[in-house]
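Visitor: One letter stands for each residue in the lines below.
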Amino acid sequence: MLKYEELQEGQELQPLVKETVTKVQLVKYAGASGDFNPLHTDDQFAQSIGMPGVIAHGMLVMGFLGEYVNSLAGVTAAVTNLRMRFGAITRPGDQITCTAVIRNLYEEDGKRFASLELNAQKATEKVVGSGKAILQFF
Amino acid sequence: MDLDTSIIGLTGPPFTFEVDKRHIRQFALAIGDYNPLYLDEEYAAQTPYGGIIAPPTFPIVIGAEGEGIKLELDPKRMLHGEQEFIYTRPIRLGDTLICQMKVTDLYEREGKSGKMQFLVVDTEIADEGGNMVVISRMNIIYRPKQQIG
Chain A
1 MLKYEELQEG
11 QELQPLVKET
21 VTKVQLVKYA
31 GASGDFNPLH
41 TDDQFAQSIG
51 MPGVIAHGML
61 VMGFLGEYVN
71 SLAGVTAAVT
81 NLRMRFGAIT
91 RPGDQITCTA
101 VIRNLYEEDG
111 KRFASLELNA
121 QKATEKVVGS
131 GKAILQFF
Chain B
139 MDLDTSIIGL
149 TGPPFTFEVD
159 KRHIRQFALA
169 IGDYNPLYLD
179 EEYAAQTPYG
189 GIIAPPTFPI
199 VIGAEGEGIK
209 LELDPKRMLH
219 GEQEFIYTRP
229 IRLGDTLICQ
239 MKVTDLYERE
249 GKSGKMQFLV
259 VDTEIADEGG
269 NMVVISRMNI
279 IYRPKQQIG
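Sequence order for the protein chains is A and B.
Residue 135 in our numbering sits at position 135 of the first sequence, with consecutive numbering throughout.
Residue 203 in our numbering sits at position 65 of the second sequence, with consecutive numbering throughout.
FYI, nobody ran anything at the bench for these hints, they're computed from the structure.
In this text, all values refer to a predicted model and were calculated from it rather than measured experimentally.
Careful: at least some of the hints might be erroneous.
Unchecked claim - Capping the alpha-carbon separation at 25 Å, the derived lysine-lysine pairs in BS3-like fashion look like this: (1) A:Lys28 - B:Lys159; (2) B:Lys250 - A:Lys126; (3) A:Lys111 - A:Lys3; (4) A:Lys111 - A:Lys23; (5) B:Lys214 - B:Lys283; (6) B:Lys253 - B:Lys214; (7) A:Lys132 - B:Lys214; (8) B:Lys250 - B:Lys214; (9) A:Lys132 - A:Lys111.
Model the full assembly from the supplied sequences, consistent with the hints where possible.
Guide: If you want it as structure tokens, here you go:
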């Protein structure tokens, strides 16, 4: 859990290493999110449009960043902004690591904020998502 | 055909979304996110949130629920380029949310393979009193026609 007083600009935060993405997870995410595009659950369909097989929902990867940011925030800060740009595809068998760097610490109207630069990467070091988050401290 | 700026301001019909415990749980577990703020009522009650909240990317579920906006778009040319959530507060268990999609911007940029269009679609998610809870902002890349095989 982050404490505002202990943070420094440029500081790298403890990464989050996710469990390997599985096909079952993609089916679960399809059901939970309501995104039933067969590209994420049906290998035959995915191959018919030129993919090697099913690929993960981009929003699942953003879900990993959301998990990461809220685990950093704990109960000392709330997320006021989260954004991600989609990068390379994620496939079953890929393991995603989320990392963050503190970009900026600032106060506004007596409230304290930290802006974070986020990255989600595959083992091959290919970026699957890059983004930003803003935390407001309680 | 390319899109023109007359679509800015178009809205979809408002709809209601009720946030239930099972849905939050299902969504968090699909991500593999075991944060007790989403799963454990007793724990969550003792935090500054005062009860269970939804994971930060949960609003994407809401965007998928409505009828959307009737736009004549070629899905083959569309790419979800960026996603942003702008929160006033987290979504809480038991919330009844009033939601509406809106085209908020359309702009062009010169890309490697010609002119690209960028479409910004917001889902505005408010409480029953009309107070904004979160805006889910989708940035869609609309690729040039000649690029599609």
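Visitor: Output the numbers, in ascending order, of every earlier hint that fails for this structure.
Guide: 4, 7
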